[in-house]
Amino acid sequence: MSNIPGKRKGLGLFLLGIFCLVSVAAAAYAGDPTGAETLKKAPGSPVDYVWVLLCAFLVMFMQPGFALVEAGFCRAKNAINLMMKNLMDFVVGSLAFFAVGYALMMGKDWHTVIGISGWFLHGDSYDVHTYLIWIFQVVFAATAATIVSGAVAERIKFPVYLFYSAIISAFIYPVYGHWVWGGGWLSKLPLGVGALDFAGSGIVHAMGGFIGLAGAMALGPRIGKYDEKGRVKPLVGHNIPMAALGVFILWFGWFGFNPGSTLSAHELRISVIAVNTNLAAAAGALAALIFIKLKLGNWDLGMTLNGALAGLVGITAPCAWVEAWAAVLIGLIAGVLACLNVLLLDKLQIDDPVGAVSVHGINGIWGLISVGLFADGTYGNYTTKAPFVTGLFYGGGAGQLIAQLISAAVCIAWAFIMGWITFRIAKVLFSGIRVSPEEEAEGLDYGEHGANAYPDFIVSSYMQR
Amino acid sequence: MSNIPGKRKGLGLFLLGIFCLVSVAAAAYAGDPTGAETLKKAPGSPVDYVWVLLCAFLVMFMQPGFALVEAGFCRAKNAINLMMKNLMDFVVGSLAFFAVGYALMMGKDWHTVIGISGWFLHGDSYDVHTYLIWIFQVVFAATAATIVSGAVAERIKFPVYLFYSAIISAFIYPVYGHWVWGGGWLSKLPLGVGALDFAGSGIVHAMGGFIGLAGAMALGPRIGKYDEKGRVKPLVGHNIPMAALGVFILWFGWFGFNPGSTLSAHELRISVIAVNTNLAAAAGALAALIFIKLKLGNWDLGMTLNGALAGLVGITAPCAWVEAWAAVLIGLIAGVLACLNVLLLDKLQIDDPVGAVSVHGINGIWGLISVGLFADGTYGNYTTKAPFVTGLFYGGGAGQLIAQLISAAVCIAWAFIMGWITFRIAKVLFSGIRVSPEEEAEGLDYGEHGANAYPDFIVSSYMQR
Amino acid sequence: MSNIPGKRKGLGLFLLGIFCLVSVAAAAYAGDPTGAETLKKAPGSPVDYVWVLLCAFLVMFMQPGFALVEAGFCRAKNAINLMMKNLMDFVVGSLAFFAVGYALMMGKDWHTVIGISGWFLHGDSYDVHTYLIWIFQVVFAATAATIVSGAVAERIKFPVYLFYSAIISAFIYPVYGHWVWGGGWLSKLPLGVGALDFAGSGIVHAMGGFIGLAGAMALGPRIGKYDEKGRVKPLVGHNIPMAALGVFILWFGWFGFNPGSTLSAHELRISVIAVNTNLAAAAGALAALIFIKLKLGNWDLGMTLNGALAGLVGITAPCAWVEAWAAVLIGLIAGVLACLNVLLLDKLQIDDPVGAVSVHGINGIWGLISVGLFADGTYGNYTTKAPFVTGLFYGGGAGQLIAQLISAAVCIAWAFIMGWITFRIAKVLFSGIRVSPEEEAEGLDYGEHGANAYPDFIVSSYMQR
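Protein chains in written order, with the working numbering: chain C, 1 to 465; chain D, 466 to 930; chain G, 931 to 1395.
FYI, nobody ran anything at the bench for these hints, they're computed from the structure. It is possible that part of the hints are untrue.
Unchecked claim - Across the chosen pairs, the derived CB separations fall in these ranges:
{"no.": "1", "chain 1": "G", "residue 1": "1163", "chain 2": "C", "residue 2": "110", "range": "28 to 36 Å"}
{"no.": "2", "chain 1": "D", "residue 1": "923", "chain 2": "G", "residue 2": "1354", "range": "43 to 51 Å"}
{"no.": "3", "chain 1": "G", "residue 1": "1224", "chain 2": "C", "residue 2": "231", "range": "41 to 49 Å"}
{"no.": "4", "chain 1": "D", "residue 1": "862", "chain 2": "G", "residue 2": "1101", "range": "36 to 44 Å"}
{"no.": "5", "chain 1": "D", "residue 1": "886", "chain 2": "C", "residue 2": "395", "range": "27 to 35 Å"}
Unchecked claim - For the chain G half of the interface with chain C, some residues (derived, Cβ under 7 Å), not all of them:
{"no.": "6", "residue": "1047"}
{"no.": "7", "residue": "1212"}
{"no.": "8", "residue": "1229"}
Beta carbons are placed, not taken as given, at the ideal position from N, Cα and C, and that holds for glycine.
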């Protein structure tokens, strides 16, 4: 063996190491990695797998939706940076959720506080059902992370972005997620049937929105957004059709987000969920269109798009428990709330470039609350035999509503505080979280990525400094 | 109670009102909102629900496809307006179809003329199966409305657009739809097995195309499209790759449109439908590519894209009843028809900016006719036990063909006349349906929406005045 | 009859001809075109049809993904040409695979060399199951063809493109495809369980990549890519966000590509495949991001996007047979391999504009090899009762690995040689395969298509001559 050159020896040892690792691992399987056992036990499961997987894929497709909305609503000089961020939060989020996040959120519950199994999807977790739940959950985790991106756009350092994305997907998101979806204490509140959030108005959207608020406040407004008298100088987006395409994609992807959250196709209620999702989006868009027309006199596309998203965020928690007309009403209110909050944030001089706080934060909370108001008592869960949910307007009393309010308060507090701490730590680790004023003026594309998004076009970004 | 301030009192009354409304409503349920009953009766239905829903989502995704085609083939100065229109026809269409359209089209039949139940999806209609059919139908209704958009592009007033979109989705589309799909008189013609339209060549595409023709004629051509001698001055699209992306998305979405129209996954014929859809699209594109190359000498992308769409429109009615080679033939003819009609419309000086009439109108009719020619007698409907359909070339006699021709004539007449009346009414209601020549020259983005689609780029739209 | 004018007589004869053709054809059916028989025999098949069809649709949607990546990474003056090519390879590919390719690949096996039935999907092939397999296979065939497009971008004559796309889809791809997937000799190698390629790392990606290598070498580098001293002058892409959108779409479509390749939803392993696909993509992106950052000092979006694709290509062959952590490792290696090969090709002055060889060629081979290393022995195929697969690291011995290496070598040789011959023949048929230097400088959009992709924008492509 002594005549093997060092490199090949190294390779040999490396391969041997993998071999040992694998041998140990192989012995540990207690799940059903093949799927044959699961199929025998539940012969009807293929349609559930098909449903959950295809819905997960639709939710994954929301990633470019967010990317296009953000890049379109920001300036050309930051377009590469924004696409990169929206790519990397999914990349980093996938790996962080694989290693840690999933176990914390959906692993074996420990005293209703946290999950503690399923690290690296290894051992007993090498199982078709566990992998199924993982792929559905990871796209939700990544959505929470990507929402933050909009609030910190056009001024955050790229490495800081990678850092906080990992923290969100590995820790902040999974913990609150466990409390509601993983068998944690909020889901066990002795009010109504415990705190509910069907597809994540709170868990995903308010979470992302309020971490985003912490980020926007930690960073401060972009140069030029507010003049010395506090008046808003709009920094207009460089490609509005791109942003519109993004919203269409998000609307499309939301049909995976909400109906897929039954986690079973045997819940035929999926059709009601799809209808509610669509109607709330339409109502949100219409409300925003009319609100802004009355307020500012224009048929404004940007706010109408945000209105559609607001409706979608609002219906996400209640989508399974309400009737179509209630979905319309929830969407209408969401559209107006988004508009009002955009105006409010500008008054407070909090610069949220693409309205992440207004669309996802505020309406995530509205979605949680609306469950306690509009749940009509017609739906529990056929598969899990979960109890039917009845809100205030249908004679269910205030119990469910209070549970929802508690969950909403916890969500806001956890998201904002953890977000704030994360950005504080990042400030130390990366000697500041914001790019230099020169780089901000020149654009992050050049400063962080050494590239130009549109080199063949004559671009006049500097006019928007 | 007297010390409650007015505002809170108002809110209290509002909540009380909703409570009463809801209480009445709750008593009225006779459907199956949970889905549990339906599942018990039809344990195989989950796969049908999954199929219909996912296909509906794909069809919904055609909305951005249409938006991109239209915006890409028009000028930069109208890009926001075109995205806005394609967003709002889906928004308005969803709400109008929710309130009225669905009931007229798919509600309980009244003397084969009209449907009369299902308003607001309320009462007995709060049912998983009704909601399932609704979500599949609403995306078709919105498609019909959005097709019109292309024909009236770059010169229609935005509020007029909102108005006629509502009329189409609430009334024009549902009525003819009822006659063919809702159990109306055309479906009961004593010729062949009654008029047929598998996925809507006529109901959706010809309908949209001929309403569009009425709109294009009512508006007149865009400034500069024809010179005083009637020669065409092309007003070229501002972003051809965007239009190409739109066509790819439409092709993708059409796989929901056609195969999904079985409304059941137990019809394994869905695979044949998918193949036919794909081959007709390919054949249409190839035919248009070659036709224009021979005619004009260029490998023209715009017409090739329209050729693909033409093939898709043409196969939409016959897709379930023909063999693959017939799909190729139907597509080839459709591609050529689209090209010929584009040339014809320009001779007539009817300005149809993105070819809506040529692609959807003419080929919608061609699709209806081709059923009567190529239906090969191998397929009825397994679920509904509908009879097998045989066209002229397969020895089925002329009966089916005549039924198709009658349906086609009715479609054209209804679409064009109702479209014409709608635009007449709009002319009165909105004091004209066309923007001012100044606004048209400057672009509708500025005039209607007070915005610029591409503020960071140097745009030279004025060169295309 | 003598008074019928010639034209109508011609039409009559034409219709009579079709009628005869059809009558003969109708007699020949031995398949199950309706699906009723198939459903009776296999009552659980609807969910499999739904799964395979929807996955096929997702794979079809990869076509615009490739188009956007290519157009975005190339210059504005060739954008129409690139969209056109990516449209037409699917068009030509669909028709060629319909006529010939499918029969050669998946038809009745003849001595493990070639398939010999199913031409034009006619006769016995008019069958729901055959059509199902066809639609799934055609989108794979078209993917192989479209990969080549990237390597020959910005300088190939358009008719040559049409020609070679037909050859690939009709012959080159199906033959090797038959050897591995159609029951051919590679699948029957007496090593391991025979050569394997779950979803086509080799069959689709390496095939496309190495035909592309032949094309890139036959064409030579673009003008200006290398200076006289062989140094690289980057010809940067004109729309990087467009390319990023393309990669997101490809990632999304890959969820059809890999999990769909079970061809059955009763294989619950589909969840594991989806997870592996996602993790390998994430790992590939991260590896490329870090590698380029260390090497060049920038957070480079272009290479990160290619890294994600590299990970996806790498996991395509092994996706069904490995655990999640192995998918991460396979993806990490793939990301680095792609980067290294980009640098290598530039040293060799082989101009591969969008990295098709590096991403698809090299990593397609890596994917084949990794099956022989990481297959963990937990999965065969429940439906077909195929044997479990065990690679080197899991104690399966070297048999499977050697089978994979043989298949890889055959793939490279077949692809490169057949590609080379095809481009040689094209050189004769079309008097050269490359556009003139003038046309190349001016852009193929003008030269081949007589059009401008962005007429409203001021474009400075000439600066990139």
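Comparing the hints with the structure gives:
The hinted range of 28 to 36 Å is not satisfied by residue 1163 of chain G and residue 110 of chain C, whose Cβ atoms lie roughly 59 Å apart. Hint check: residue 923 of chain D to residue 1354 of chain G, Cβ distance near 45 Å, so the stated range 43 to 51 Å holds. The supplied range of 41 to 49 Å is met by residue 1224 of chain G and residue 231 of chain C, whose beta-carbon atoms lie about 45 Å from each other. In this structure the hint that residue 862 of chain D and residue 1101 of chain G lie 36 to 44 Å apart at CB holds, the actual value being about 43 Å.
Range check, residue 886 of chain D to residue 395 of chain C: Cβ separation about 47 Å, and the 27 to 35 Å hint is violated. For residue 1047 of chain G, the suggested interface contact is broken, since its CB lies about 30 Å from the closest CB of chain C, more than 7 Å. Interface restraint check for residue 1212 of chain G: the shortest CB-CB distance to chain C comes to about 4 Å, inside 7 Å, so the restraint holds. The beta carbon of residue 1229 of chain G is positioned within 7 Å of a beta carbon in chain C (closest approach about 5 Å), and the interface hint is therefore held.
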